[in-house]
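2 protein chains.
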Amino acid sequence: MRFRVKPLSLEAGGKWIVILNEADAEELGVKSLSRVKVRFDNKVITAIVNTTSYFIDHGWIGTYREVTSNLGLKEGVEVYVEPSPPPSSIQHIREKLRGRSLDRNAIYEIVYDVVHGNLSEVEITAFVASLHMYGLSLEEAAAMSEAMVATGERLELEKKPVLDKHSIGGVPGDKTTLIVVPIVASLGYTIPKTSSRAITSAAGTADRAEAIMPVSLSISEMKEVVERTGGCIVWGGALHLAPADDIFVNIERPLQIDPLLLPSIMAKKKAVGAEHLVIDIPTGRGTKVKTIGEANLLAKDFIRLSDLLGIKAKCCITYGEQPVGFTVGPALEAREALELLSLSKDVPDLLDKACNIAGMLLESVGEKDGYNTALAAVKRGTALSKLREIVEAQGGDPAIKPEDVAVGECRYTFRSTRSGIVLWIDNNRLVEVARSLGAPKDKGAGVELHKKVGDAVKPGDPLFTLYAEKEYKLDYTMDKIEEEGTFIGVGGYMDMLIQKVEEIPVYSRAFILER
Amino acid sequence: MRFRVKPLSLEAGGKWIVILNEADAEELGVKSLSRVKVRFDNKVITAIVNTTSYFIDHGWIGTYREVTSNLGLKEGVEVYVEPSPPPSSIQHIREKLRGRSLDRNAIYEIVYDVVHGNLSEVEITAFVASLHMYGLSLEEAAAMSEAMVATGERLELEKKPVLDKHSIGGVPGDKTTLIVVPIVASLGYTIPKTSSRAITSAAGTADRAEAIMPVSLSISEMKEVVERTGGCIVWGGALHLAPADDIFVNIERPLQIDPLLLPSIMAKKKAVGAEHLVIDIPTGRGTKVKTIGEANLLAKDFIRLSDLLGIKAKCCITYGEQPVGFTVGPALEAREALELLSLSKDVPDLLDKACNIAGMLLESVGEKDGYNTALAAVKRGTALSKLREIVEAQGGDPAIKPEDVAVGECRYTFRSTRSGIVLWIDNNRLVEVARSLGAPKDKGAGVELHKKVGDAVKPGDPLFTLYAEKEYKLDYTMDKIEEEGTFIGVGGYMDMLIQKVEEIPVYSRAFILER
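Chains A and B supply the protein sequences, listed in that same order.
Numbering-wise (our numbering), the first sequence opens with residue 1 and increments by one.
Numbering-wise (our numbering), the second sequence opens with residue 1 and increments by one.
Next up, chain A with everything else stripped away, as it sits in the complex (with noise of 0.2 Å):
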């Protein structure tokens, strides 16, 4: 049948969707989410069909930004539209949702349709909710990961070897990726690291760089960084390293699900050519995993995974029951992490991991003592000029100081009303009340703490200090901790009770994997 093109002012996400009336569907025998093929001047696209009673008039084509710009089509112009089969990778998401495993090329159709706006948004959500619930197998597992490599950008390095790190998150306060990073390009070797964004945490490591450096680089200037400096810390999300990947995080985030964590974080690796790879686990009851046994597992699946895909993986199973360091917020983190290399202030569990993560990344090529070996690169100042050269090729201010990394100016000091120790910090709350003083999006914003686990506290010692860029935060959160109390525990050496539990409990909230 021939239509009339409307176009749309409207984008579908990527989707190839077009709008007829229902009439003129049923004519054309097409249902909502069926598919058409739609021809105009000798080209031709399969787009999916809405249909709408009233809005698209009898002999119509609603045509969405996509579908207008990729046909080059105007208002009034005529196209062909005839009935199309779904393409075959619906058959596959058919065959996921009976339970039957797929194999690398079903895995592939799906994945390239996927990216290339073939399939709806039902049909998505069918295949993501399948995967959760049946699971993948190790062999589908990779498959996916190469598939979204393969439909990516890839970033191609003549300096090898590649190593790279990955943390599933969890932990807040977390920099450590600031100061593995420049170890490891100091020592000579080669890490193009990506990293993301908060979604529900205070800062990601995108976040903290960004307090000192530009961090959206496209994928020719942090091939650049890195042919210059042998690092970066740049956002993955700009890069389309994976672009699948943020399709299907589109919709797990509001499901709180989360099958393709290993794929996606894989294939981001080796998109970026990483051959040596170390992935931090936290553990503990504050952070994502809450036992060295849970974590075992995921690090063996980690370690599985990354051999299919040729990448030598080890990953480190770290304490995260409280933050890393004293900070947390990102222009707070950034300005620890600069102190911790300029050898101003002491971190010593943020160093201790720092130096672990490094030292495992040294020795899968083949350095002795790579705790040492990297301890030594901080303690010289080797990594913090390298850091500096970083920051300069990244566009930032090679010569930036600590004292130079602005952060919020309303500010208010809590102090312990008891003597005891520090018996528990709760991440959470922690998380919870740097993001109401602004975190993320307000890079000044965040909590200081003064003291950790462990530490003896006297009444009237200062236990954190609270950092916002605007007075009303810094007021609201006040009262919030006032009313809802505080995310550190001071009590006996031995006193037992942790929590009474009178009602049910609410629902906690769930965990995204940082990716």
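Keep in mind that the hints were calculated from the coordinates and are not lab data.
You may find that some hints are simply not true.
[As the list claims (entries may be wrong)] Below, computed lysine-lysine pairings styled on BS3-like, alpha-carbon distance capped at 27 Å:
(1) K37(B) with K441(A)
(2) K37(A) with K15(A)
(3) K379(B) with K441(A)
Here the structure is a predicted model, which is why all the values come from computation and not from measurement.
Using the hints, position chain B against chain A.
Frame of chain A, contents of chain B only:
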């Protein structure tokens, strides 16, 4: 935050959707598919957010038609927007995704939010997919039915008992309802029958009935017809009896899954007040349920679910390996039903099936020898008179005769080239042929069989006649039959070979059971 309104000309299928610029969404702390409260002029609604990078400017909010009209918005007016927590129904959906069972309240909340546009397509799809994968317990199924009834229109009839029938479909030519309804109503009982149109078949009962009378009635018109005549045959699609089902079906169709089949059917029966119900389960290789064992399992589920809903249900497992009667296609079938009731044509299988189903209904309300009571109503002509009453009450011509029903003028009769007996009729292929002739849209299109399974055939005997309203559809179909073969197998009495499979067969299509 305050935004200026840009009303969009699009509708969102009953969902409440607004579009924000990505930067504004970030400022507000919401992502795509998050919820926001939108306030205007003392009214407030909760809408789902979509984000865009270009089409909505900073400071503006795009409102879909549902939002625009509900809040009474105009271009450029200011609304106040704030983040809103997701509805608690999402927590229930997430629980089902984890494989947990849902209680009545949880199910009601989900169905309520589906009907009221509070859930996104992603969320509804995840729910439907999880029901498909984990299945529903009997209690969950009953709660689904009740929730679907509670959120839709209901038919309240004075005259009890209310009887009803349902077929799960799958056998072509099944015009049984056109016989059962007048039989039951002619005996003084109430039978408010709603029917569906064809989705993948050649004719739904609503399509058949429409060849002799209007079927798109409102619920009040339907009530009037039933109060006057005791019965009706109307299209269920416009009655809003279980509006949640229409939304679920739009998601199930492209995925070809149907986890809500039983609850949806029973909801529609409950909504019209049915107290006694017979469910027809056509069984056999060429239909949806292949074996008698399967049919019994399905019957058990129907009866148990009906019990919980306070409906006395019986199931009738019927022979489905070939069409019912001789005709397939809306007008041809309506004509055949009129011929049977006029006693002008002998259609033994149709009459037997109708008398069995009507008889089971009659015995359910205490009549003795239901089969013969039903048969007598046909033989006496009272069923025909009752059908004419119903036709008149629904706005058709009560004097209609079989030959008044217009059937396609373009015809071609295929004849046998060999002798033997009819060994099989392939229902699926027959339906494809009828659809390719124009059914169900072209009401006069279809197929008339001259022989059925077991009939003896000589070379030159007519096997079947094709009917089309348009010559090119007839030509196209004849070419197709030449190329792909026919749907009737004629062979010797003990011929064994059905088919040789020498290549990997292509997927056969999946079924959507009728509801």
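Hint check results:
For the hint pairing K37(B) with K441(A), the CA-to-CA distance comes to about 21 Å; that is within 27 Å, so the pair holds. Among the hinted pairs, K37(A) with K15(A) is consistent with the structure: their alpha-carbon atoms are about 14 Å apart, no more than 27 Å. Taking the CA atoms of K379(B) and K441(A), the gap is near 81 Å; set against the 27 Å cutoff, the hint is violated.
Checked against the numbered hints above, the structure violates only hint 3.
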